[in-house]
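J.: Here is what each chain is made of, one letter per residue.
There are 2 protein chains.
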Amino acid sequence: MSVKNSFKTFNPFKNSYNEVKYIPDTITEIEKKVILATEAAKILSKKSYADISNFLLEIKSRMISNKEQIKEVYLSETGLEKSRFEVEFKRTIYQLSHFSDFILSENWENKHETVEHFNGKKLTKKKVGLGPILVLGASNFPLAYSTIGGDSVAALSAKCPVILKAHPYHTGTSLEVYKSIYTAINNCGLPRGTFTHVIDSGHENATFLTQHEEIKGIGFTGSQTGGEAIINLVKSRRDEVPVFAEMGSLNPVFILDLKKTSIAYLAESLAHSVCNDRGQFCTKPGAIFIPNNVIGNMLSIELKNNIIQYKTGPMLHPSLRENFETKTSSIKNIIGDLLVFESEKKAEFHVSNKVVIIAENEFNKVELLRKEIFGPYTTIVMYENDPINNLDLFDGQLTCSIFSEKINEEIQKEPIYHLAIQKAGRIVVNDVPTGVSVSKNMHHGGPYPASSDSRFTAVGSDSIYRFLRDVTIQQYLN
Amino acid sequence: MSVKNSFKTFNPFKNSYNEVKYIPDTITEIEKKVILATEAAKILSKKSYADISNFLLEIKSRMISNKEQIKEVYLSETGLEKSRFEVEFKRTIYQLSHFSDFILSENWENKHETVEHFNGKKLTKKKVGLGPILVLGASNFPLAYSTIGGDSVAALSAKCPVILKAHPYHTGTSLEVYKSIYTAINNCGLPRGTFTHVIDSGHENATFLTQHEEIKGIGFTGSQTGGEAIINLVKSRRDEVPVFAEMGSLNPVFILDLKKTSIAYLAESLAHSVCNDRGQFCTKPGAIFIPNNVIGNMLSIELKNNIIQYKTGPMLHPSLRENFETKTSSIKNIIGDLLVFESEKKAEFHVSNKVVIIAENEFNKVELLRKEIFGPYTTIVMYENDPINNLDLFDGQLTCSIFSEKINEEIQKEPIYHLAIQKAGRIVVNDVPTGVSVSKNMHHGGPYPASSDSRFTAVGSDSIYRFLRDVTIQQYLN
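Protein chains in written order, with the numbering used here: chain H, 1 to 478; chain E, 1 to 478.
Any given hint might turn out to be false.
Said to hold, decoys possible - To spell it out: a stretch of chain H is covered by chain E in this simulated footprint if at least three of its residues, at any positions, have a beta carbon under 8 Å from a beta carbon of chain E; those stretches are: (1) 110-120; (2) 416-425.
Stated by the list, open to error - Straight-line C-alpha distance at most 25 Å; calculated SDA-like pairs for lysine to any residue: (3) E:K111 <-> H:K406; (4) E:K111 <-> H:N107; (5) E:K111 <-> H:E106; (6) E:K121 <-> H:L256; (7) E:K371 <-> H:E106; (8) H:K440 <-> E:K127; (9) H:K121 <-> E:K332; (10) E:K32 <-> H:S83; (11) E:K235 <-> H:E214; (12) H:K406 <-> E:E409; (13) H:K311 <-> H:T124; (14) H:K126 <-> E:K332; (15) E:K71 <-> E:A50; (16) H:K122 <-> E:K332; (17) H:K406 <-> E:N361; (18) H:K32 <-> E:E367; (19) E:K121 <-> H:S76; (20) E:K127 <-> H:E106; (21) H:K42 <-> E:Q412; (22) E:K413 <-> H:T124; (23) H:K127 <-> E:E410.
Honestly, the hints are just simulated from the structure, not real lab data.
Bear in mind the structure is a predicted one, so any value in this text is a computation, not a measurement.
Even glycine gets a Cβ: it sits at the ideal position worked out from N, Cα and C.
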């Protein structure tokens, strides 16, 4: 058994590595975890939804008991502040309640098993879990899209065991959360393989797991590059298993019209949406289209000022910072320094908030500006007549936002609204795209490359369908 | 514009080519059809479900008016008899009614658009079509899984335009059906690109279409080899689009116990399921497990006799016949002539019905016997104690059938029943797997390689979900 090199996580606030050393799992160790998961799949399939619901609530209780320990590691590994920890922790335990409630709801009762009598036969259609699911911890949600984040909770709700590969930079946080899950498994008398935890400093273990024949589905949240790497690995399997990758998005915002009195509110909420937590959200608005008129120019200047005055901070980890600096430098090289505005940094290892103001025709010449730039950056595009042609050039999106002083019914008559439906998974009217509510009717996904399969969502109770298949039992009526 | 070579279809009853010549579409012609489909997608997305429902009923009316012409070509191209034409025609127009009813039903009304109020926001979740869908006509259902078969009707119901690539051997039948669709499009005032028809003698046009960026989804029914060819083509696209391939299946049948009085019925219904229409169904039972006891041996002999006495006929086309002869010859070579029984053929170009009787331990040594052999063939496997270990060796299946004299509740306690749920898309209790009813609760699919995505069905109203995605409209409450 080859022993792998240990590694440390990084504290972005201190710009230095943490003390604790972690050792990646060996392939032998992972094989044992997969066997446990395969055994657990059979046992979980016979558990009731009430059992699973209790288990999710038990994880929630353990998380709440363990909150201070989780917080301490989270703050040392993520470069995210206490206030963000509180928001994300709350969201994470809310997701557990949301699914715990959902799988006990009348709605689910009426959906997971239905009976039809047809030509003297009884056709019972029931939903069954796909089997062991590999979840890859996301970098930008160390809790809510990692260890017991949306993918894991949806998979467990579908009675699928989870094999979680922790994000290397948040290994300590992930292990701390895993303690709560481990205790909950024991307290609920569930098999050990219900949830197993895999550590790695690189891609080797994830690669191995994507190829494993006992892995029956995969959940990923991250960049387009990362998502496509996973998708390509899955494509090389000899069988077909579903992978849901939620990837990059530009999340264009279109201000169709505006009043002078709306400027302050728009400039503030959009700047917050771009810069909050260093813009490290998959729904961060990456292009904001503003009419090139007097009021529009007032908005663009105020928005630009708000962005460059927004407090700076470190990014989640050094590679993301490097990526951000490289991409924004490329933009400068292409369009020139004059159009790029940036904030002063409080510390050398922080990133500046950056914003470009550019005319519509210039914007469309620069392909880089149509792709996600992960971090506190946006492009303000001043358009002349109708911004719809700009949207037509975009790939699939997670979100598309439309601001207008008109009433909802009028907005829904706009051609750009209809095009947005073709392009995006969520249309946001008069609001910023960040802040994805966890609810039944949320859709978080979209046509490629926003996600790998536009038919599924990564957020909300419907995200359970990624991990379920139907079986029909055909019998004669007794 | 390069002109392609013309080709003829084949009359299996006469063992000779038909007179009419068909000319494959050129790439230029196909490009025009894709443009029409792309334009139609936008128009269809604004049509009501009532409009689509009417359109489906209009196709049905046109098909009924055109029935005699369709029948004539069908009988000249398929090697299938009049009685089969009647059954398949009825099924095809029933599918049109089924979806026409479904998209007007209260069930669908409550599903395709829902509203949730959440934290002062109105979240409207609605289903939208993926866009133009490529449907590849199946060889074994020249009507019901071809031109206006299950895939096309489901796609149209989802407001997706269909580009249909006809199966080369059934080009005339496909064109005759297309006439009905074309007239219905005109009568309903729908755009021409709602449904377009592509002809080819080989794979070139399908290959081109699978790569086309305007094709947003693909439906395929056929062999594992054919399905994987399509899947691999889709994998080489730069974007991700869903392909639903319904592929091969062995459809194992397990006789757990039996009474002497059941022998005649079982031997008759199983022989019919194996041999009807030359066994050219994706759900044909390819392995029948019978207990190796006195009554079991009586059943196996009677079943074998029924199979070799079942009337013979030609297969759908010469390549299928060649495949069948090659595979069954390989079996003979591996296990020896003595275990293979076959019927006398009425004509030289017919295929014999064939059956192998083999002991459980011998069966498990021959991998070829665990794969689908398309045509009138099955393996009777005599097992000693419990057939469950045999099932455990199988890949994913469309169906798994269990026969027992016990009541349904007792059967559902059998370990093999639970394993069957893990392996197959449909569990058939005390019935043969052939004859897939078109209904809400039917699931026709299953874990790979039965289908490319176990979460979707190819039959019944739920098959619409293959071609739909969700969009959430987020608004403030007015």
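J.: Among all the numbered hints in the text so far, which are the ones the structure does not match?
T.: The structure breaks hints 3, 7, 9, 10, 12, 13, 14, 15, 16, 17, 18, 19; every other hint is satisfied.
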